[in-house]
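Asks: Residue-level listing of the chains:
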Amino acid sequence: MSKGNLTRRGVLKTGAVAGAGLALPTYLSAQDSGFTNAPTGSTVTLGFNVPQSGPYADEGADELRAYELAVEHLNGEGDGGMLNTFSSKALQGNGILGKKVEYVTGDTQTKSDAARASAKSMIEKDGAVMITGGSSSGVAVAVQALCQEAGIIFMAGLTHSNDTTGKDKKANGFRHFFNSYMSGAALAPVLAANYGTDRKAYHLTADYNWGYTTEEAVKSSTEAMGWETVGTVLTPLTQTDFSSYITPVLQSDADVLVLNHYGGNMVNSLTNAVQFGLRDRIANGKQFEIVVPLYSRLMAKGAGANVKGIFGSTNWHWSLQDEGSKAFVKSFGTKYGFPPSQAAHTCYVQALLYADAVERAGSFAPCAVGEALKDFEFDGMGNGPTLYRGDDHQCFKDVLVVKGKENPTSEFDLLEIVEVTPVDQVTYAPDHPQFAGGQLGSCNNGA
Amino acid sequence: MFGLNKKDGSLLLLVVALVVFAPFLLNPFPESSGWAQFNAGYPDLMQRFVIFGIFAIGFNILFGLTGYLSFGHAAFLGVGSYAAMWMFKLFGMNVLPALALSVVTSGIFAILIGYVSLRRSGIYFSILTLAFAMMSYSLAYSVLATDMDGPDKQGLLQKGLTGGETGLQLTQSDPRIFGAQTTADGNIPVPSLFGLEMRSATELNVGDWVFTFSAGYYFSAVIMLLAFYLSIRIFRSPFGMVLRSIKSNQQRLNYTGMNPRPYMLAAFVISGMYAGLAGGLMAAMDPLAGPERMFWTASGEVVLMTILGGVGTLIGPVLGAGAIKYMENIISKINSDILHSWFAFLPDGLEDIVVTMIYPFIGKGWHLTLGIIFMLVVIFLPGGLVQGGQKLAAMVRRKKTDDTKTATTEPAE
Amino acid sequence: MDAIILQILNGLDKGSAYALIALGLTLIFGTLGVVNFAHGALFMIGAFCAVTLSRLISVSHKVEIPGEVDFLGNQATRDVPYIYSIFGETAGATIIDWAVPLSILLAIPVMILIGVIMERGLIKHFYKRPHADQILVTFGLAIVLQEIIKYFYGANPIPTPAPEAFIGSFDFGALIGFDPGTIIYPYWRLVYFAFAAVIIGAVFAFLQFTTFGMVVRAGMADRETVGLLGINIDKRFTIMFGLAAAVAGLAGVMYAPITSPNYHMGMDFLVLSFVVVVVGGMGSLPGAVLAGFLLGILESFASMREVLDILPGLNQIIIYLVAIVILLTRPRGLMGRKGVMED
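Protein chains in written order, with my numbering: chain A, 2 to 448; chain B, 199 to 611; chain C, 22 to 364.
By construction, these hints were calculated from the structure, which means they are not laboratory data.
No experiment lies behind these values; they were computed from the predicted model shown.
Each hint should be verified, as a subset may be incorrect.
[Unchecked claim] With a straight-line cut-off of 25 angstroms between C-alpha atoms, the simulated DMTMM-like cross-links for lysine to aspartate or glutamate are:
#1 A:Lys287 - A:Glu420
#2 A:Lys309 - A:Asp380
#3 A:Lys331 - C:Asp100
#4 A:Lys331 - B:Asp535
#5 A:Lys90 - A:Asp80
#6 A:Lys336 - C:Asp91
#7 C:Lys256 - C:Asp243
#8 A:Lys336 - C:Asp330
#9 C:Lys145 - C:Asp23
#10 A:Lys220 - C:Glu185
#11 A:Lys287 - C:Asp192
#12 A:Lys336 - B:Glu395
#13 A:Lys406 - A:Asp323
#14 A:Lys201 - C:Glu89
#15 A:Lys404 - C:Glu185
#16 A:Lys100 - A:Asp199
#17 A:Lys287 - C:Asp200
#18 A:Lys404 - A:Asp392
#19 A:Lys406 - C:Asp100
#20 A:Lys100 - B:Asp535
#21 A:Lys331 - C:Glu85
#22 A:Lys336 - B:Asp206
#23 A:Lys201 - C:Asp23
#24 A:Lys309 - C:Glu89
#25 C:Lys83 - C:Asp100
#26 C:Lys83 - A:Glu417
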């Protein structure tokens, strides 16, 4: 296999300036096209900024697989995946606006600084016209702000904090993934149905942005169902042994433990909670229960048998039987030999949605793309009918409530879908208190 | 020249030349060649080179001269960044006041930490500085990030002093008393020097090469050159001599009736202010300040930069900083597709073998390459990269003298 | 009261991990004078010995499940470990269940070997080099080791459960007159505590009561004189390095069921263990153990809600705060000797 050079400038220069000697200096901020990194050759470069080192490296690797698959499908290679089921038919399988899709990759290291450095090099060096990916809200917010400033579209990867499309929303940033509020709203009725409305909940919350919004969301929606919150404790993000946070639960009169943890935090806190026999415990005459608001397959894998029977929510799961999901699982599974994760799904969909928006707008200019994505309604992407709301650039779609599977048949078959919560139940007003405080600002073309 | 001796003067001139022509030197490969991946001459990375250069130069003033190994220097970097961000938020987007506040704040911070930590020496000093930095990190991450005026109000302190995990960012509702809250097109203004935006840049196309000249880079570069010049002066000053004597024999210094503590504290504070300056510049180039800048790995990074380049040498730390940032930003971006394109000239089977062999060391494996380089350098070049350069120069020179020797048949020295 | 007893138990448990790591680190500091930043990586490799063994003994072949298909519509298969066909299904399952304790047998030789290779191949050449060089080379080594683990095992934590027999909790409260169910503690954590106590005791006994230990202690005090006496101190130091690596590795093996091992767990512990060693006092083995337990217990108390309500964020900084206070009041840590690592 051989590919030519992968940079925008490479193409640009060989075409336009070959042998021209000293051309006139051009001001970056005054390109003829009117927006940053306008693709001029026969290709367009997208930037895939995912964690490749650090605790989320495996999730990042799965995102990258999904992006590579998306690029294949956009360029008309492979079986086309969700392009066949996507309700919008603008994409032809001939790249985007006829330009072949190429990509550059970078490592966010799950640190805001590193993620921005990586994104900047994509923008400044490789001429990427869109940045996407990431596996944490801190990084998503940081890169989103950078893209707003640079005049680039940012299609968020896995980011679940309310703030990404709440306090920190930006006109150039778009999120397909669901958020803390939706998790709470979807989970609460299921929890009430299964565990009753007379419950006392104890929250352990990771001491950072996402933890706060998730605690807030789950707390308010379970309290609305009649639950009582008897304790909330913040745990340091760097904590690996949660024993000293679990034992006070034994002393409290709680009968439900909510673990607002993600990734390694959740794996360890859940493992510890099970070690301390919380699942066999009887409190207030009821079976003690544990809830994990946000699940991912990699976390379930890390926690092993401890997840069995534990409720949580997820954006998407490969066992869904709609046409879009089936098509995606088939092409991903055929290429890589195992089913995709929810992170892979959201990234794949984001890449396609961006391409489709460009195609429909007829331009790569961020403002035009933003306009095309605004209040865009689509279907066939695995989550049922979905709306990209213009007020906050958040996707509204069904949310899955899942449960750790009792008898997994393979290392990927760890979660089972309990309920598909309809979109109406998780929709909120743009000025909902949990999301208030930010402004989208106006779209930035970078000029 | 500028009060420097001939050797230092020519070193300074060399550094000036390197810095001024960096956009050319770092972009040696034509855009259309496969090697363009190795070009580092884009604004963000060049800015990082000089900013971390400043950080390492400052660290070297403490560690290289006195031998006191601070393992918490990143705290000053973080404090500098936060200070600059608050300046941007409260007063305006001019970078000079922001940098001034960074330096002052980190200086005060360094006085406090230094006064306590310098009561101990050796590894006890290292652990004290580490402890202070980790406390700063933890507090910035959690307690200082909680809402100060209640979650329902949307005031200035809504995300606390530090902004927590997501970092301290500019918003359109910041007051910016001496500047515009928003630009004409409804966006957040960007840092500038009296109207010259830090992110503006000019491109120069020469044949197949593209060279980018960024305002931010040259601004940082000028500051770095000043910082470098100042560090030469400190190294050569009587003050520098006292610091060196602390390293070689503190007891003897005590016997001569000199109290080394004030000198140590001065060195610590100067070094902390350098770090704060670097932090402020980081915020000026990219307006965001996050707590992970203060994590122990960030402190460890500057230690590694200094040792990698050459402890106690003038130019070493800058080289070390450049080497590590280059690895982080260039090697980590090479993916298997790019590898395949490089080795496409090989027969298919061989190409796959070569790519499979190299693949673990690039892209997501860039940490592995970094670790191996650390080990190789310290094993074979105990004096760091500078020693490598000297060895190379000596080899060239010896070859030359060998030539002259055979001609003149002089006796060996 | 019961809350306090529980936190003391938590503290002892955390403390035993800190103490074990700090013990190995101090052995290397004290005997060899080397700042070993790769010590956390040794702990991590120990934990991965458990992962490796449990993977090795559950190596499986695929058996088709008639009438079922997988997610792509192909024939579904089920993994059946080979060990079932050797020992039968029940015995095989028991062996797999006991993988973590069994891996102690694997970890001891592996860790000693790694330790000896590290010392002979690398560390030996750095005895006379400045601490800065030691830091750089061992830090480089730590990165290389963890990247190798990441290459083979991925970045995700790998669940490594304790044997079925140790799952569940022991009711302490009932033993000492509290209501049943108020003071319970997981069996495996108690095992870990006991295991740590045994290892610490063994190391002390070894140094205190054997001729070998005597020579090493003498070497710690004055290496040159011992060498002049015609004793081959180098060889003994190599063995000490192997021993320290084994202690770190064993700490890691037994820790695997407590938190699922991942490739960067060593780095998570590295800084903490340095703080523990320094608080205990450089070169003092009892100091390292004491500081380990002390910091473990204080950390546990600081994470109580009652404490956090008064001082929010204390759980985040307690260890460092205590380290600062101790170092300012006791210049060489709790039990440090004069002149060790002060230059």
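Asks: Please go over all the hints and tell whether each is borne out by the structure.
Replies: How the hints compare with the structure:
1. At roughly 23 angstroms between alpha-carbon atoms, lysine 287 of chain A and glutamate 420 of chain A fall within 25 angstroms of each other, so this suggested pair holds.
2. Distance restraint check for lysine 309 of chain A and aspartate 380 of chain A: the Cα-Cα separation of roughly 32 angstroms exceeds the 25 angstroms cut-off, and the hinted pair is therefore not satisfied.
3. A hinted pair counts as satisfied when its Cα atoms are at most 25 angstroms apart, and lysine 331 of chain A with aspartate 100 of chain C qualifies at roughly 22 angstroms.
4. About 23 angstroms separates the Cα atoms of lysine 331 of chain A and aspartate 535 of chain B, which keeps this hinted pair within 25 angstroms; it holds.
5. The straight-line distance between the Cα atoms of lysine 90 of chain A and aspartate 80 of chain A is roughly 16 angstroms, inside the 25 angstroms bound, and the hint therefore holds.
6. This hinted pair checks out: lysine 336 of chain A and aspartate 91 of chain C have alpha carbons roughly 15 angstroms apart, not beyond 25 angstroms.
7. Simply put, lysine 256 of chain C and aspartate 243 of chain C have alpha-carbon atoms about 16 angstroms apart, close enough for the 25 angstroms limit, and the pair holds.
8. Between lysine 336 of chain A and aspartate 330 of chain C, the direct Cα distance comes to roughly 52 angstroms. Violation of the 25 angstroms bound is thereby established for this hinted pair.
9. Simply put, lysine 145 of chain C and aspartate 23 of chain C have alpha-carbon atoms about 50 angstroms apart, too far for the 25 angstroms limit, and the pair is violated.
10. The suggested pairing of lysine 220 of chain A with glutamate 185 of chain C is violated, with an alpha-carbon distance near 35 angstroms, which exceeds 25 angstroms.
11. With a C-alpha separation of about 20 angstroms, the suggested pair lysine 287 of chain A and aspartate 192 of chain C falls inside the 25 angstroms cut-off, and the hint holds.
12. Distance restraint check for lysine 336 of chain A and glutamate 395 of chain B: the Cα-Cα separation of roughly 47 angstroms exceeds the 25 angstroms cut-off, and the hinted pair is therefore not satisfied.
13. For the suggested pair lysine 406 of chain A and aspartate 323 of chain A, the alpha carbons sit about 21 angstroms apart, so the restraint of at most 25 angstroms is met.
14. Of the supplied pair hints, the one linking lysine 201 of chain A and glutamate 89 of chain C is violated, its CA atoms being roughly 42 angstroms apart against a limit of 25 angstroms.
15. At roughly 23 angstroms between alpha-carbon atoms, lysine 404 of chain A and glutamate 185 of chain C fall within 25 angstroms of each other, so this suggested pair holds.
16. With a C-alpha separation of about 59 angstroms, the suggested pairing of lysine 100 of chain A with aspartate 199 of chain A is violated against the 25 angstroms cut-off.
17. For the hint pairing lysine 287 of chain A with aspartate 200 of chain C, the CA-to-CA distance comes to about 18 angstroms; that is within 25 angstroms, so the pair holds.
18. As the CA atoms of lysine 404 of chain A and aspartate 392 of chain A are separated by approximately 32 angstroms, the hinted pair breaks the 25 angstroms bound.
19. Distance check on the hinted pair: lysine 406 of chain A and aspartate 100 of chain C sit about 18 angstroms apart at the alpha-carbon level, within 25 angstroms; holds.
20. Taking the CA atoms of lysine 100 of chain A and aspartate 535 of chain B, the gap is near 19 angstroms; set against the 25 angstroms cutoff, the hint holds.
21. Taking the CA atoms of lysine 331 of chain A and glutamate 85 of chain C, the gap is about 21 angstroms. The hint holds against a cut of 25 angstroms.
22. At most 25 angstroms may separate the alpha-carbon atoms for a hinted pair to count; lysine 336 of chain A and aspartate 206 of chain B exceed this at roughly 60 angstroms.
23. The straight-line distance between the Cα atoms of lysine 201 of chain A and aspartate 23 of chain C is roughly 21 angstroms, inside the 25 angstroms bound, and the hint therefore holds.
24. Distance check on the hinted pair: lysine 309 of chain A and glutamate 89 of chain C sit about 23 angstroms apart at the alpha-carbon level, within 25 angstroms; holds.
25. Proposed proximity of lysine 83 of chain C and aspartate 100 of chain C is supported: the alpha carbons are some 5 angstroms apart, at most 25 angstroms.
26. For a cut-off of 25 angstroms, the pair hint linking lysine 83 of chain C to glutamate 417 of chain A stands: about 24 angstroms separates their Cα positions.
Of the hints listed earlier, those the structure fails to meet are numbers 2, 8, 9, 10, 12, 14, 16, 18 and 22, in rising order.
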